[in-house]
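Q: Read off the chains here:
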Amino acid sequence: MMKLHIRATTFTLLQTMTSVGLSALAWAVTGVRPIWSGSEPSDRQRIYFANHASHGDFILLSACLSEKQRARTHAVAAAEYWGKSRLRRFIAQDMLSSVLIHRQWTDEAQNPISIMLSVLDEGHSLILFPEGTRNMTDEALLPFRSGLYNLSMARPDVELIPCWIENMSRVLPKGQFVPVPLLCRVVFGAPVAIAPGEERRAFLDRARQTLLALNPRPPRHGAEKPVVRKTSRDQKSLEHRAGSDIRHGAPGDD
Amino acid sequence: MPMRETLILVIGLTAVLTIANLIAGILSWRAPKPLSSALVNLNERINAWWVMVLAITVAMFLGRRAMTILFALISFAALREFVTLTHNRRSDHWVLLGMFGIIIPFQYWLVWTAWYGLFTIFIPVYCFLLMPAITALHGDTERFLERVSAQQWAVMISVYCVSHVPALLTLELPGFEGRNLLLIAFLIITVQGSDVLQYIFGKLFGRHLLSPAVSPSKTWEGLIGGLAAASLLGALLSFLTPFSPLQAAGVAFIACLMGFLGGLVASAIKRDQGVKDWGHLIEGHGGMMDRADSLVFAAPVFFHTVRYFWT
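Protein chains in written order, with this note's numbering: chain A, 1 to 254; chain B, 255 to 565.
In isolation and in its complexed conformation, chain A is listed as follows (with noise of 0.2 Å):
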């Protein structure tokens, strides 16, 4: 028999509760707002996907939709974390309403693909992080394993948005548990699919691409990149690059 793997088709009063205070935490804390840069909100059936550094991260893109949005999204988190107390599987699944999924998994009816297809044909969206953990790495983004694939292959009507989550890793480094207040923003960029006769891998590769090139700020410093020096010659290119935020920012008097 299959298992119902989210516990209600709306929330309960506490799953409510808990996203109302905790999206307006999350504003308190990080003035988190979207940046919407090629795709809107929508009620369409979406799997949301975004770089992983922080517990916080889903908390924020979750901030960021419709309180009706955020009712039938639901954040994948790993069974092997979230399960492996009562405690933290009360957290995950009665007041955040998480998919819980193993990562490692030899019984069937623990395919991670089967229970988050589950989820999605009960007209629900889901928020993937495709790193599978949490990024603890210098690198901006690690590979991205296969679900997202595997996922869209099999339900291509679900739009796939890549959502740029910035700053949460600085906000609440893995490890910690007081928050550091930090700006932060979401940009959730143009829907990806997958092209006809595109590879797995090929696929994967374009999508961490696109999901990277969406990244605001993208490190000056530091081990990943050379080190372009911006002048003020060169602010017309940077606020292309940051998207509609600031090009439709204002004249500012400075």
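In short, the hints are calculated from the structure, not lab data.
Worth double-checking, as some hints may not be accurate.
To be verified - Distance ranges between label pairs, derived from CB positions:
#1 A:I113 / B:F382: 51 to 57 Å
#2 B:S290 / A:G132: 44 to 50 Å
#3 B:L316 / A:E67: 31 to 37 Å
#4 A:D43 / B:T395: 31 to 37 Å
#5 B:L316 / A:S42: 41 to 47 Å
#6 B:T395 / A:M153: 24 to 30 Å
#7 A:A213 / B:N301: 32 to 38 Å
#8 A:E40 / B:V264: 25 to 31 Å
#9 B:A320 / A:V178: 25 to 31 Å
#10 B:Q527 / A:S146: 34 to 40 Å
#11 A:F90 / B:S290: 52 to 58 Å
#12 B:Y370 / A:T137: 45 to 51 Å
#13 A:P41 / B:L271: 29 to 35 Å
As the list claims (entries may be wrong) - Looking from chain A toward chain B, a few residues come up when the C-beta cut is under 8 Å (computed):
#14 R33
#15 S37
#16 P173
#17 V178
#18 V180
#19 L182
Said to hold, decoys possible - Residues of chain B placed beyond 12 Å of chain A at every Cβ, according to the derived structure:
#20 G317
#21 V337
#22 S345
#23 W348
#24 V379
#25 W407
#26 H462
#27 F493
#28 W532
Here the structure is a predicted model, which means the values were calculated and not measured.
Don't be surprised by glycine CBs; every beta carbon is placed ideally from N, CA and C.
Given chain A, work out where chain B should sit, using these hints.
A: Chain B only, in chain A's frame:
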């Protein structure tokens, strides 16, 4: 709470903003639709001014405690914008938490209790020495000096300097007892007024760029016209202060000159970090620091000028 002066201020500011609304309304009405981004921005800015004037007026009526809390919140918003822009690493987590959770509350507690001796040295001496020590104890030396300097700057600018505004309430000025809130009104109106006047003079008469590498819109004409007009405004507002009209013009001139320099420095930081605004807290203006940058530089100098010559 001096009622007569406060009422004059509320009426005056309401009149100025209403006139601004009327002018912007006529401009918008006559302009081709859809409105240009400059006009949309002008309307947003004026609306945000209403909110800012309302917030400060309410704090004026509620008194010293509310004013201190209001500026602690302004420090919080400014510090958040500052730290967001700067480079920091995972090992800085506790230092950053301390900046928000310890330094802001403690500095404003010192303001509240009027402990002048510690208020002036807590951040420049104790935080200055202890913050890098904590960072060093964490053992992460990568880009150490850059991280530590940025943290120092963040607390100096957004906490230390800003806290000098409510600290005006602790000054004991002979013959001016119970009226210190008006000094805050004088400082904010002249310095923020100077920003607006510099903007207007720059738009009307601006020809010669003052520092094109730092800011594309600051001109000599804007600076000179704005400072002159703001000094005149200061003289007109001398009834709020213990100063004579001439002294008020002089003090306003110094504060507004510092305010101009603050705006210039803030612009240079933004250019260096490759952003146009500090944040998005205030519709049409940008972030808290976009609005407060001039006040940040003006407040400590204004505070010490008043403290030296009038107490």
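Q: Return holds or violated for the Cβ distance of B:S290 and A:G132 against the range 44 to 50 Å.
A: holds (48 Å)
Q: For B:L316 and A:E67, compare the CB-CB distance with the range 31 to 37 Å and indicate the outcome.
A: For B:L316 and A:E67 the Cβ distance comes to about 33 Å; the hint holds.
Q: In terms of Cβ atoms, is chain A entirely out of 12 Å range of B:V379?
A: holds (24 Å)
Q: With respect to the beta-carbon atoms only, verify the hint that B:A320 and A:V178 lie 25 to 31 Å apart.
A: holds (28 Å)
Q: Is the nearest Cβ of chain A still more than 12 Å from the Cβ of B:W348?
A: B:W348 not clear of chain A: closest Cβ-Cβ about 9 Å, inside 12 Å.
Q: Is 51 to 57 Å right for how far apart the beta carbons of A:I113 and B:F382 are?
A: Distance hint for A:I113, B:F382 holds at roughly 55 Å.
Q: Far enough from chain A: is every CB of that chain over 12 Å from the CB of B:W407?
A: holds (16 Å)
Q: Take a look at whether the Cβ-Cβ distance between A:D43 and B:T395 falls inside 31 to 37 Å.
A: violated (51 Å)
Q: Check the non-interface label on B:G317: least C-beta distance to chain A beyond 12 Å or not.
A: Holds: least Cβ distance 25 Å, greater than 12 Å.
Q: Tell me if the interface restraint on A:R33 is satisfied: Cβ within less than 8 Å of some Cβ in chain B.
A: Interface hint status for A:R33: holds (6 Å vs cutoff 8 Å).
Q: Using the beta carbons of A:A213 and B:N301, state whether their distance is inside 32 to 38 Å or not.
A: holds (35 Å)
Q: Would the stated hint for A:S37 survive a check requiring a Cβ distance to chain B of less than 8 Å?
A: violated (15 Å)
Hints 4, 6, 8, 15, 21, 22, 23, 28 from the earlier list are contradicted by this structure; the remaining hints agree with it.
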